[in-house]
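Trainee: For reference, the chains in residue letters:
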Amino acid sequence: MKYLDEFRNGEIAQRVAREIHAITTRPWKIMEVCGGQTHSIIKNGIDQMLPVGVEMVHGPGCPVCVTPLELIDKALAIAAQPGVIFCSFGDMLRVPGTDSDLFQVKGRGGDVRVVYSPLDAVELAVKNPDRQVVFFGVGFETTAPANAMSVHLAKRRGLKNFSLLVSHVLVPPAIDAIMSSPGNQVQAFLAAGHVCSVMGYWEYPPLADQFNIPIIVTGFEPLDLLDGIRRAVIQLERGEHHVENAYERIVSYAGNLEAQRLLSEVFETTDRAWRGIGVIPRSGWKLNAAYRDFDAEERFHISGIRTVESPLCHAGDVLRGAIKPGECPAFGKECTPRRPLGATMVSSEGACAAYFNYGRFLSFEQLAGAGR
Amino acid sequence: MTTDTAATIDLSTWSCPLPLADYPEIVMGHGGGGKLGNELVEHLFLPAFRNAALENLGDAAVFDLASGRLAMSTDSFVVQPLFFPGGSIGALAINGTVNDLAVSGAEPKFLSASFILEEGFPLAQLAAIVQEMSAAAKTAGVQIVTGDTKVVERGHGDGVYINTTGVGLLRAGISVGPALAEPGDAILVSGTIGDHGMAIMSVREGLEFESQIRSDCAALNGLIANVLSAAGGAVHTMRDPTRGGLASTLNEIASASNVGIALDERAIPVRPDVRSACELLGLDPVYVANEGKAAFIVAPECADVVLSVLQAHPLGREAARIGTVTTDHPRMLVARTAMGANRVIAIPVGEQLPRIC
Chain C
1 MKYLDEFRNG EIAQRVAREI HAITTRPWKI MEVCGGQTHS IIKNGIDQML
51 PVGVEMVHGP GCPVCVTPLE LIDKALAIAA QPGVIFCSFG DMLRVPGTDS
101 DLFQVKGRGG DVRVVYSPLD AVELAVKNPD RQVVFFGVGF ETTAPANAMS
151 VHLAKRRGLK NFSLLVSHVL VPPAIDAIMS SPGNQVQAFL AAGHVCSVMG
201 YWEYPPLADQ FNIPIIVTGF EPLDLLDGIR RAVIQLERGE HHVENAYERI
251 VSYAGNLEAQ RLLSEVFETT DRAWRGIGVI PRSGWKLNAA YRDFDAEERF
301 HISGIRTVES PLCHAGDVLR GAIKPGECPA FGKECTPRRP LGATMVSSEG
351 ACAAYFNYGR FLSFEQLAGA GR
Chain X
1 MTTDTAATID LSTWSCPLPL ADYPEIVMGH GGGGKLGNEL VEHLFLPAFR
51 NAALENLGDA AVFDLASGRL AMSTDSFVVQ PLFFPGGSIG ALAINGTVND
101 LAVSGAEPKF LSASFILEEG FPLAQLAAIV QEMSAAAKTA GVQIVTGDTK
151 VVERGHGDGV YINTTGVGLL RAGISVGPAL AEPGDAILVS GTIGDHGMAI
201 MSVREGLEFE SQIRSDCAAL NGLIANVLSA AGGAVHTMRD PTRGGLASTL
251 NEIASASNVG IALDERAIPV RPDVRSACEL LGLDPVYVAN EGKAAFIVAP
301 ECADVVLSVL QAHPLGREAA RIGTVTTDHP RMLVARTAMG ANRVIAIPVG
351 EQLPRIC
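In the order they appear, the protein sequences are chains C and X.
Under the UniProt record's numbering, the first residue of the first sequence carries the number 1, and numbering increases by one thereafter.
Under the UniProt record's numbering, the first residue of the second sequence carries the number 1, and numbering increases by one thereafter.
Worth double-checking, as some hints may not be accurate.
Derived CB-CB ranges, DEER-like [as the list claims (entries may be wrong)]:
hint	chain 1	residue 1	chain 2	residue 2	range
1	C	Asn128	X	Ala60	40 to 50 Å
2	X	Leu280	C	Glu19	25 to 35 Å
3	C	Pro129	X	Tyr23	47 to 57 Å
4	C	Gln185	X	Asp264	33 to 43 Å
5	X	Leu207	C	Thr307	33 to 43 Å
6	C	Asp99	X	Pro300	46 to 56 Å
7	C	Glu334	X	Asn38	53 to 63 Å
8	C	Glu258	X	Leu207	23 to 33 Å
Hints listed in this document are in silico derivations from the structure and should not be mistaken for laboratory results.
For clarity, every value in this text was computed on a predicted model and none was experimentally measured.
The beta carbon of each residue, even a glycine, is placed where N, CA and C say it ideally should be.
Bound conformation, chain X alone:
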């Protein structure tokens, strides 16, 4: 989806065009708990997210899950711009929570979707976002079963904020977590890093690069299911390196597991256009956000199996083995540079800032 998609949405094609068409922009009444809000639910959210649990529109969704352990995760999405090359806030809101559940070893099942809308926000754009959410949920195989809508006064929001909370069922026999990395484990990443952050930056800042960088925004539960089926208990840790990038994620694992992490800088896959854009701005791709990548820490004897499973999946074709867990330099991430020297990759203080020169 590109930035102009919102403009192409034709409200007349929606299930009941009249009430929505009366208000082509969000008004405070859409969040007032009255008729306008109901219309938003009935004519926009329900048709897009339709399923049995949502259908009853109760105060809570009621659903059956097989007995077992549940995982639950929540995340709020405040991205600007709302549409960017390779995705939108809607796709992010689904995939982000799906991935948080998936890397915890759970099979994502049900999501909530809460919208904080700004007065004056075009309904056509909201419809486009909802359509993206619906498509992303279908792809990920999850259902949106409950939700909420609030409207804030013009100037008090950024168009739309979305919160999603997800529930998933933990797979039997799988135990993964940031504190479970062991010395000797192999570190793998499912593909090129930095794509999402640079895609956002290129449109947000109006930077023009020779090629359009696209976000990697995607649901990883299918890919992760394949890995767990093949390697099961050999997978010790999985994380999706979103904000703060691969550097933050691996630093957190090193700290939580009290181990060192040795990376081979040359093995970390980075798209050439992303690398060029990072060079131009003085940014390091290891700190740039991803929305469709996972890092895996697995027992060394299963590293090759996991790598081949990853590479066999459409979302993992460029997967690579990038390093090893070690007892050296505990709680630190140290990369072997292309020069053959070592450097620490520290956890970033805040967002990376483009350099003067």
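One chain only, chain C, in its complex shape:
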């Protein structure tokens, strides 16, 4: 596949891996922020190619995983209401709320639909003027521009039956929170390439300086990831800490200015709860005053939500990089993709699901310590 196979060349990958082996003198812990990168690392077996001691720590960058349980429960309550068409990306449908998931709501008669774009949900609102159409606006900075565009269009078209249930989270505050957390061991970051394609990487140099960490803007293909790891190890070995762009074919320093303009027109930053982690100050976006009419939380006034997380689930520790999925006592036992306790096991980008699906031929000891 043109421009894709080139980044999956096994021979070049082996060569880069050998280079990483040659330059590594000490153990290092590198966090990939993005769940898509976690998925690619495990799917392609990149963690198996690294020197013993160079450990990839999986960060909180799976938007499905970090969507707070309370918001999932609100989504379930809204989706169950008669007259509502509840639209979502596919991988939110199996995420467990306190009592059920969107699949079960659909099975009980709720009109839950998978869409590929929030703009499809806007079209549904146009075609169904007597129904309320709600789109579950989940994601990092990557999916935010399209979600912003959906409310922008809905407002411009005067739609009174479209709203957004917003759970947008932002990467830089999460890096700050992880580095500031007690006991943090992460020494370098692979920044998520597609987030940076929207936002640029001008927010990262202050973080690199503040915490003395290399931050490498990295893509998702095997060679992208190996190159990002290679660059991080070079900096770590040299005692350097600056921001590098290893995804120049997509990412510029300033990012997509038009997308940023649209985001600032529609959203404002807010404190946001991350599932399994807690509230991170100014780490999310919500609709601003000009677009508040399109906020599903305001429109539906869901109250009486009582959320209960499974006491067995250690997803929060996984998302913080404190433990590997295999170190959770419930991993592969009480918690499997068939019966997930937490979102990290259900989302296709979740670290636990990635380990379960791709790494199961390793022993649990290997899973817990892979790369150490």
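With chain C fixed as given, assemble chain X onto it according to the hints.
Mentor: Only chain X this time, still in chain C's reference frame:
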């Protein structure tokens, strides 16, 4: 057949246009066991599926089979949309059951066809579906010898559901089954994977890709007959990887035979447009459905013969050897990635869901 085929069917060209033309849509009476239902049989189903066993319209079809072991298989078809690039629910209903019999080592002979129709369903579309079934049955060399029609109220169906049950004659000396894979066996697939699932998804979800992806919907009994003629007892297992894709099929074989399966990910044939569409949606082609492919597990000394037989057939031109049965990691499917590392290909929990980003 494309989605607009149904609209081009001219009822006046059917064998007795008048009664059918009186009711251009399915009404409840078509399933009531009375005159309307009889007319549907006489003017639509019988002309399309005509053969001696069906002709007597008895409660059961009566037919002669040479003495030997029989295989029987049943399947229900509920696909949406009813017409898609490369096929239709009608072609699927024939090919699906034909393939289930063929991969069991049987020569498919006779099929039943049961229709559950929704009130209001356009008769022209039903006629188009029946025409596709008739053509598919002729291609596969099978006869539709009995059937049933029910009508459900508007809103209680999805236009049309079809159930087919098939009977076939097992070939002498052939013994295949999911539990018969042996360590050392070669694993082959008859062609590119994921075509059907992505074709359905592209039309169902209104996704537009640069090229139109077509379903691989086809009857495999001819291809499989050639393989069995050439390799006979060396063929240990055959399966058609439909829902759940190649991943589910090979996982089931690994479990049933208590063996491991080692795949070479790079050897699995995938059309470039299917691969691109999967990339776009965050899907893995090994989990995507096929309707005209078979996986073969054969003794290693016959792998080359089977591969060349497959590649000599029009439906097997892109056949490939993709892996080996092993004693390592029993009951698991492990793929060697392009990077030279290994990954488990697990059985999917449900349908694959497109990712957020």
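Trainee: For each hint, tell me whether it holds in the structure or not.
Mentor: Structure-based check of all given hints:
In this structure the hint that C/Asn128 and X/Ala60 lie 40 to 50 Å apart at CB holds, the actual value being about 48 Å. Hint check: X/Leu280 to C/Glu19, Cβ distance near 32 Å, so the stated range 25 to 35 Å holds. Between C/Pro129 and X/Tyr23 the beta carbons are some 34 Å apart, a value that contradicts the proposed interval 47 to 57 Å. A beta carbon spacing of about 37 Å between C/Gln185 and X/Asp264 agrees with the range 33 to 43 Å that was offered as a hint.
The hinted range of 33 to 43 Å is satisfied by X/Leu207 and C/Thr307, whose Cβ atoms lie roughly 35 Å apart. Range check, C/Asp99 to X/Pro300: about 52 Å between beta-carbon atoms, so the 46 to 56 Å window is met. Taken as a hint, the range 53 to 63 Å holds for the pair C/Glu334 and X/Asn38, whose Cβ atoms sit roughly 58 Å apart. Distance hint for C/Glu258 and X/Leu207: a CB-CB separation of about 25 Å, consistent with the stated range 23 to 33 Å.
Going through the hint list in order, the structure does not satisfy hint 3, though it satisfies all others.
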